[in-house]
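Visitor: These are the residues of each chain, in order.
2 protein chains.
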Amino acid sequence: MSKQENKPNLPTSVMTGFVELLPAEQLLFNQLKDTIRAVYESFGFVPLDTPTIERSEILLAKAGGETEKQIYRFTKGDNDLSLRFDLTVPLARYVSDHLNDLVFPARFYHIGKVYRGERPQKGRFREFYQCDIDIIGRESLGLANDAELIAVIAEVFKRLNLPKFIVRINNRKLIIGLLEEIGVSAGEQAVEVMRIIDKIEKIPLTETKESLLSLGLKEDVAQKVMDFVSIKGKAVDILRAISQLNIKNENFVKGLSELQEVVAHLSAFGLPEDIYGLDLSIVRGLDYYTGTVYETKLVDYPNLGSICSGGRYENLAQNYTTQKLPGVGISIGLTRLFSQLKEAGLIKVGGATPSRALIIPFDDRMAPRAIEVSRYLRQQGINNEVYFEEGKFKDKLSYANKLGVNKVIIIGEDELEAKSLTVKDMKSGEQQTLELDELTRVFD
Amino acid sequence: MSKQENKPNLPTSVMTGFVELLPAEQLLFNQLKDTIRAVYESFGFVPLDTPTIERSEILLAKAGGETEKQIYRFTKGDNDLSLRFDLTVPLARYVSDHLNDLVFPARFYHIGKVYRGERPQKGRFREFYQCDIDIIGRESLGLANDAELIAVIAEVFKRLNLPKFIVRINNRKLIIGLLEEIGVSAGEQAVEVMRIIDKIEKIPLTETKESLLSLGLKEDVAQKVMDFVSIKGKAVDILRAISQLNIKNENFVKGLSELQEVVAHLSAFGLPEDIYGLDLSIVRGLDYYTGTVYETKLVDYPNLGSICSGGRYENLAQNYTTQKLPGVGISIGLTRLFSQLKEAGLIKVGGATPSRALIIPFDDRMAPRAIEVSRYLRQQGINNEVYFEEGKFKDKLSYANKLGVNKVIIIGEDELEAKSLTVKDMKSGEQQTLELDELTRVFD
Chain Z
1 MSKQENKPNL PTSVMTGFVE LLPAEQLLFN QLKDTIRAVY ESFGFVPLDT
51 PTIERSEILL AKAGGETEKQ IYRFTKGDND LSLRFDLTVP LARYVSDHLN
101 DLVFPARFYH IGKVYRGERP QKGRFREFYQ CDIDIIGRES LGLANDAELI
151 AVIAEVFKRL NLPKFIVRIN NRKLIIGLLE EIGVSAGEQA VEVMRIIDKI
201 EKIPLTETKE SLLSLGLKED VAQKVMDFVS IKGKAVDILR AISQLNIKNE
251 NFVKGLSELQ EVVAHLSAFG LPEDIYGLDL SIVRGLDYYT GTVYETKLVD
301 YPNLGSICSG GRYENLAQNY TTQKLPGVGI SIGLTRLFSQ LKEAGLIKVG
351 GATPSRALII PFDDRMAPRA IEVSRYLRQQ GINNEVYFEE GKFKDKLSYA
401 NKLGVNKVII IGEDELEAKS LTVKDMKSGE QQTLELDELT RVFD
Chain H
1 MSKQENKPNL PTSVMTGFVE LLPAEQLLFN QLKDTIRAVY ESFGFVPLDT
51 PTIERSEILL AKAGGETEKQ IYRFTKGDND LSLRFDLTVP LARYVSDHLN
101 DLVFPARFYH IGKVYRGERP QKGRFREFYQ CDIDIIGRES LGLANDAELI
151 AVIAEVFKRL NLPKFIVRIN NRKLIIGLLE EIGVSAGEQA VEVMRIIDKI
201 EKIPLTETKE SLLSLGLKED VAQKVMDFVS IKGKAVDILR AISQLNIKNE
251 NFVKGLSELQ EVVAHLSAFG LPEDIYGLDL SIVRGLDYYT GTVYETKLVD
301 YPNLGSICSG GRYENLAQNY TTQKLPGVGI SIGLTRLFSQ LKEAGLIKVG
351 GATPSRALII PFDDRMAPRA IEVSRYLRQQ GINNEVYFEE GKFKDKLSYA
401 NKLGVNKVII IGEDELEAKS LTVKDMKSGE QQTLELDELT RVFD
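Sequence lines, in order, name chains Z and H. FYI, the numbering used here numbers position 281 of the first sequence as 281, with every residue one higher than the one before it. FYI, the numbering used here numbers position 184 of the second sequence as 184, with every residue one higher than the one before it.
Chain Z with its partners taken away, still in its complex shape:
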């Protein structure tokens, strides 16, 4: 049998719901990831890198039905294992395990892949990057931290050069308190109300109200909920309007005072008023949020949905430790964000190489000189590569073009003899002859 016949007909394409990028895209993706990481570190967050595989009992300790269906679960030997579906559960386990080795408040960033066997659809991935930060206190954690996370998000999106964005802030205690006040007690019904409120933006207001009524809420009760979540305006106006409701419910009062404190901190962080706003309809689906909640939207691209969300939780690790660990965190779903930004034309793919120069020796005799030039540039901090293959000069230039590299340094017979270099700018097509020690100036 020939080799060709031997080759099984294997599917080499990436599987549905999984992502792999071409070089130019991957370079851009990594640039985004690096920017996020740099901003996280600039605020003193510490890297965390937990295993992708966890014991299933850990991951499923609190997971709901949807998570259980989506999880990648398997056995190896006697072990019941699963791939992590988020980064919060591994963080909770990690912190519980290292309570005595960590310093609190602990500031972690966690950038890694998570796995959800979702039905494939646009914008849904089975393997995707999350970029989380969390600040975790022991017993208590000040509300300045809730404000700080907004400053972190704002800095990330500024550095990513994203168009106008807004971080929408709420406090979950407000809606919980309001519902208690008007007779919808905590539990199944309140959860259902919040689920409806969560979708308010995507659905006509009349339909939202009807959904509330069909839950069994009385007309005036449903109307009170609708009125409340529809309060709009500047942060200061909304805070005033809420306090004028004069609701004495304990949760409500606490939620209001927390929200006031967070907003008060925001100005110290130098955040302009147009990048954040209060929105009383933000509740976030996850029921572990107990206070501040956030969502972030691109103002001119509302259909992208929330590109960064999070909130405050009273107890990060109640399934793993009796120690009370309040925290606040946010998460950027980077794989989804990248795909959305690319599709909306908000980020632009560049060259397919980290090299800023390609050095082309005319033939093998010029290879040592090419290597010398390459080493020199590298010592100057300029990424570059040498084209070592034999072939026509035209093909070598074509390689440079396909790579999208900016500068080509040509070493032919003349250059070798004169110890000079011909530098070609691939955009302008201009050529100049330079000495080795003059070379760096074309990279300024």
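There's no promise every hint is true.
Since the list gives no way to pick out one identical chain from another, each pair is judged satisfied if it fits inside one copy or across any two copies.
Stated by the list, open to error - Cut-off 25 Å, straight-line C-alpha distance, at most; resulting in silico cross-link-like pairs (BS3-like, lysine-lysine): (1) LYS427 to LYS402; (2) LYS324 to LYS396; (3) LYS33 to LYS232; (4) LYS324 to LYS392; (5) LYS76 to LYS62.
Calculated directly from the structure, the hints in this document are not laboratory data.
Could you slot chain H onto chain Z? The hints should help.
Guide: Same frame as chain Z, but now just chain H:
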């Protein structure tokens, strides 16, 4: 039931064979990883990030028995899936799938986690980072590339500040040719001979020879193998000794000329002779290497084994495409290397934060000023954080100590009034009073 009783007794420790690090260790690990990546990019290698999960048929297309036993394999829906056990197979699949989108020679670096359900033992991990580079040609690929990878390795280890290391180089065609020449034909027996040679360093020479004899090799044949792999000396001397053997076997002649060419290129890369050497006993276990092979050792820590290895393969993706794709690659097993270096005391764990300063407001009234200082430092490129929690000043300084942060900036009543800052150096204990715009100089 109280919450405490509710808490299931879940095992929060990291599973055997998996690694998770404390903050100071993780920061150091990432520093190593970043250095490797920066060096790879400085040579123009392009990042690749393939999914952790692959179709089992892809991963097992060529895998041997050991791999099949170790692999994490599972089904999800109708799909037979596995976690990648190395980065070469995904690379091969990726390149096969994107033949027309890539520019050749393609230069990839691939840093990611791989999975092997090995029996746990010291230095063996079930999840670990590999840091690979590969240069892949279409139809052909020059030997300068084989030399260049040694330059890359050398630069990595220099930048990691590792002690004296040596890259040991060989060409597999030499031993294959020699065996053919002396009547040990390619196939099972030759593979067994190579397996024995591969372990020559760990076993007394007499035992190695006995193993060869027990394979059925005649005394003089076994002796010839022993004599060959024992040729030692400088590269130039070894090359002369091999060519004086006057062996006409085609593989042997080709192996010699390839090795000569690689060595000739090495000096152009500015590699001092003491960081590389030829070693005819290096064969590497993997049978897909067909030419140059490398191993790297720390000279004074031989028991660490090879910390970086690789080689040339004739055909990267023969299981996935009929296109001939010759390549050359190396891999650093970073998780193992990190654990070895730490144990040998060759790398030193530093502070537990990326922050270069901790800003401590005396109480809530100073928080806005603390945030102002924090923002100012961040704009100057100085990572820092604010300690927002209430508490005794002593406890705040203790947080700084535990973090291992170098500078603490204190803002009390006096500082707030005078618009000054007290900067404490945590090592020397020295304190000085500065204005905001004088602050950066303590970070020089």
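Visitor: Each hint: holds or not?
Guide: A quick look at each hint next to the structure:
no.	hint	in the structure
1	LYS427 to LYS402	within (13 Å within a copy, 53 Å between copies)
2	LYS324 to LYS396	between (63 Å within a copy, 20 Å between copies)
3	LYS33 to LYS232	neither (34 Å within a copy, 48 Å between copies)
4	LYS324 to LYS392	between (69 Å within a copy, 21 Å between copies)
5	LYS76 to LYS62	both (23 Å within a copy, 22 Å between copies)
Going through the hint list in order, the structure does not satisfy hint 3, though it satisfies all others.
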